[in-house]
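Undergrad: Throw the hints in and build the complete structure from the sequences for me.
Number of protein chains: 2
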Amino acid sequence: MQVIRTIHDLRAQVRNFRRGSDALVGFVPTMGFLHEGHMSLLKAAKEQCSLVILSIFVNPLQFGPNEDFDRYPRNEKRDLELAEAAGADFVFMPDVKEMYPSEVRTTVSVTKLTDRLCGASRPGHFDGVATVVSKLFHIVQPDKAFFGLKDAQQVAVITQMVQDLNIPVEIVPCPTLRESDGLAMSSRNVYLQEEERRQALVLSQALNKAKEAVLDRSIVTSEALTALIRNHIQTAPLAVIDYVEVLQFPSLQPFESTHSMVNDSLIAAVAVKFGKTRLIDNLILSVRK
Amino acid sequence: MQVIRTIHDLRAQVRNFRRGSDALVGFVPTMGFLHEGHMSLLKAAKEQCSLVILSIFVNPLQFGPNEDFDRYPRNEKRDLELAEAAGADFVFMPDVKEMYPSEVRTTVSVTKLTDRLCGASRPGHFDGVATVVSKLFHIVQPDKAFFGLKDAQQVAVITQMVQDLNIPVEIVPCPTLRESDGLAMSSRNVYLQEEERRQALVLSQALNKAKEAVLDRSIVTSEALTALIRNHIQTAPLAVIDYVEVLQFPSLQPFESTHSMVNDSLIAAVAVKFGKTRLIDNLILSVRK
Chain A
1 MQVIRTIHDL
11 RAQVRNFRRG
21 SDALVGFVPT
31 MGFLHEGHMS
41 LLKAAKEQCS
51 LVILSIFVNP
61 LQFGPNEDFD
71 RYPRNEKRDL
81 ELAEAAGADF
91 VFMPDVKEMY
101 PSEVRTTVSV
111 TKLTDRLCGA
121 SRPGHFDGVA
131 TVVSKLFHIV
141 QPDKAFFGLK
151 DAQQVAVITQ
161 MVQDLNIPVE
171 IVPCPTLRES
181 DGLAMSSRNV
191 YLQEEERRQA
201 LVLSQALNKA
211 KEAVLDRSIV
221 TSEALTALIR
231 NHIQTAPLAV
241 IDYVEVLQFP
251 SLQPFESTHS
261 MVNDSLIAAV
271 AVKFGKTRLI
281 DNLILSVRK
Chain B
1 MQVIRTIHDL
11 RAQVRNFRRG
21 SDALVGFVPT
31 MGFLHEGHMS
41 LLKAAKEQCS
51 LVILSIFVNP
61 LQFGPNEDFD
71 RYPRNEKRDL
81 ELAEAAGADF
91 VFMPDVKEMY
101 PSEVRTTVSV
111 TKLTDRLCGA
121 SRPGHFDGVA
131 TVVSKLFHIV
141 QPDKAFFGLK
151 DAQQVAVITQ
161 MVQDLNIPVE
171 IVPCPTLRES
181 DGLAMSSRNV
191 YLQEEERRQA
201 LVLSQALNKA
211 KEAVLDRSIV
221 TSEALTALIR
231 NHIQTAPLAV
241 IDYVEVLQFP
251 SLQPFESTHS
261 MVNDSLIAAV
271 AVKFGKTRLI
281 DNLILSVRK
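If you read the sequences in order, they're chains A and B. Under the working numbering, the first residue of the first sequence is numbered 1, with each subsequent residue one higher. Under the working numbering, the first residue of the second sequence is numbered 1, with each subsequent residue one higher.
Simulated from the structure, these hints should not be mistaken for laboratory data. Glycine included, C-beta positions come from ideal geometry on N, C-alpha and C. Be careful, since some hints might not be right.
Listed next, with one range per pair, are the computed distances between beta-carbon atoms [as the list claims (entries may be wrong)]:
#: 1; chain 1: B; residue 1: Val240; chain 2: A; residue 2: Asp70; range: 50 to 56 Å
#: 2; chain 1: B; residue 1: Arg217; chain 2: A; residue 2: Glu76; range: 54 to 60 Å
#: 3; chain 1: B; residue 1: Leu24; chain 2: A; residue 2: Ser21; range: 17 to 23 Å
#: 4; chain 1: B; residue 1: Val190; chain 2: A; residue 2: Asp70; range: 32 to 38 Å
#: 5; chain 1: A; residue 1: His35; chain 2: B; residue 2: Ser260; range: 55 to 61 Å
#: 6; chain 1: A; residue 1: Arg188; chain 2: B; residue 2: Pro73; range: 53 to 59 Å
#: 7; chain 1: B; residue 1: Lys77; chain 2: A; residue 2: Ser21; range: 38 to 44 Å
#: 8; chain 1: A; residue 1: Leu24; chain 2: B; residue 2: Asn166; range: 49 to 55 Å
Taking lysine-lysine pairs in the DSSO-like style, the calculated list, with each CA pair at most 30 Å apart, reads [what the hints assert, rightly or not]:
#: 9; chain 1: B; residue 1: Lys77; chain 2: B; residue 2: Lys46
#: 10; chain 1: A; residue 1: Lys144; chain 2: B; residue 2: Lys211
#: 11; chain 1: A; residue 1: Lys77; chain 2: A; residue 2: Lys276
#: 12; chain 1: B; residue 1: Lys112; chain 2: A; residue 2: Lys97
#: 13; chain 1: A; residue 1: Lys209; chain 2: A; residue 2: Lys276
#: 14; chain 1: B; residue 1: Lys144; chain 2: A; residue 2: Lys97
#: 15; chain 1: A; residue 1: Lys112; chain 2: B; residue 2: Lys112
#: 16; chain 1: B; residue 1: Lys209; chain 2: A; residue 2: Lys144
#: 17; chain 1: B; residue 1: Lys144; chain 2: B; residue 2: Lys209
#: 18; chain 1: A; residue 1: Lys112; chain 2: B; residue 2: Lys97
TA: Put into structure tokens, the structure is as follows:
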């Protein structure tokens, strides 16, 4: 496994690999502090592609002024061990100066999909995501890129961007990985105090209740589904809700009732703070007649 | 020469050309109604690249609601004859549905460079330009792309976009071509009535006066240079000035005086309406000690 820190070197290596080969290049962009969720993305990339490139870059552009850019967890040594174990061929670890050598004047924005959920509570976040992912796609030029559905809105935004701008990359969404008790894996889980960690279970529990209610059709309105999730989360005294929303998936548009839906998908998504730690989670809900 | 109308076919042809070859692909994006200016871009592409792709697409996204999208001149048959004569290998002519199959939700925006000149008088214009050029670059994936300096602000915006987003394309700016009497070549010149065409000469005349005044240092302030250009243009009774600006080049930032400049470049740029026809022109002015 090679660790590469400059755009120039990465491009040279990829060009070298592609010379005279039609083998696929797979790309897993991350912010590091790797966990089993990232490992599962690398595994999928390894299965589908001949060359697997992992990037680790904590992108300042997607953090708001009062967010956790500075204290976002980093552990380069451990990340490299995990990446090697997972079979990554190249790890691209640029510093901020390498990615943003001068003032950023160009922004990629995706509308419609970004005015709800995390887009509403983190203004500018998805512009930062779309811009850096577009940069990384231009640098790496992969055939396929692997993203976790834990960040479902991010997957929707990037899929839309790739389609609208004709970026020649296939987006492969991969399932959320969970701890044995149901907590969605996240680099930010490390922030949680013991009692916060215990109470954070209400997120996956609440989403599962909504999933069952949609499946057995005991609840059909968006409003009642949202209330169900919200009420369950509020059984945790430390939980401070940022948002709870149930939307159509993948359009992320609101709906009133599942009454007339046939084989549709919804997404139930939540963002909740425990102390200083903001957690997100979501579940895709299938509506069947 | 092959005429290609779909993204799928163009990609297949380019992939086929690139297979096992390191030869360069050159790209000349246009809105058609070709003139000698475009021919000179094709000639430069031909000299520097093995495969030359011309695109002809009148991009609705870069026209404002009251602009000339509908009446923009088109002549497919003549364009194809000229392209063939100039040695283009592929002409990519997608229709609007092919480029924008559904509502456009993704926008590429370049700030700072776009708040003056045509960016100020045509709001949204450069978002439309940056977005479509980014799409075309992703579709064609050229090594080099050729743009005329007649649209100097466009060249600045695209160069900035390519740099900021790490798009792997080299931008090659090419000199403005002029009619024998000095009028900058433009597809829109065909709109001009005889008397308008005669009076339109004041544009290049005024810019040349400014160039001389900067060279011989008879004028040093931005304000006086602008006045010089403005006054000369106003000798044409039919001229209605949209803007006259002298800025630093390529930063497009204002300046007060050339007094302390050493080997710097300025751009004098104008947009003037003659009847319904809006013409632009510019000249790069060299400041020497």
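Undergrad: None of the hints should be skipped; say for each whether it holds.
TA: Hints versus structure:
1. B:Val240 to A:Asp70: 50 to 56 Å: holds, 54 Å
2. B:Arg217 to A:Glu76: 54 to 60 Å: Since Arg217 of chain B and Glu76 of chain A have Cβ atoms about 56 Å apart, the given range 54 to 60 Å holds.
3. B:Leu24 to A:Ser21: 17 to 23 Å: For Ser21 of chain A against Leu24 of chain B, whose Cβ atoms are near 20 Å apart, the range 17 to 23 Å holds.
4. B:Val190 to A:Asp70: 32 to 38 Å: About 58 Å separates the Cβ atoms of Val190 of chain B and Asp70 of chain A, which means 32 to 38 Å is violated.
5. A:His35 to B:Ser260: 55 to 61 Å: The hinted range 55 to 61 Å holds for His35 of chain A and Ser260 of chain B, with Cβ atoms some 57 Å apart.
6. A:Arg188 to B:Pro73: 53 to 59 Å: holds, 56 Å
7. B:Lys77 to A:Ser21: 38 to 44 Å: Holds: the Cβ-Cβ distance is about 42 Å, inside 38 to 44 Å.
8. A:Leu24 to B:Asn166: 49 to 55 Å: Check failed, 21 Å falls outside 49 to 55 Å.
9. B:Lys77 to B:Lys46: Roughly 22 Å between the alpha carbons, so the hint for Lys77 of chain B and Lys46 of chain B holds.
10. A:Lys144 to B:Lys211: Judged against 30 Å, a Cα distance of about 51 Å means the pair is violated.
11. A:Lys77 to A:Lys276: Between Lys77 of chain A and Lys276 of chain A the Cα gap is close to 26 Å, so the pair holds against 30 Å.
12. B:Lys112 to A:Lys97: holds, 20 Å
13. A:Lys209 to A:Lys276: Roughly 26 Å between the alpha carbons, so the hint for Lys209 of chain A and Lys276 of chain A holds.
14. B:Lys144 to A:Lys97: holds, 26 Å
15. A:Lys112 to B:Lys112: With Cα atoms ~25 Å apart, Lys112 of chain A and Lys112 of chain B stay inside 30 Å; holds.
16. B:Lys209 to A:Lys144: violated, 55 Å
17. B:Lys144 to B:Lys209: Violated, because 34 Å separates the two Cα atoms, which is more than 30 Å.
18. A:Lys112 to B:Lys97: holds, 20 Å
The structure does not agree with the numbered hints 4, 8, 10, 16, 17 stated previously, though it agrees with the rest.
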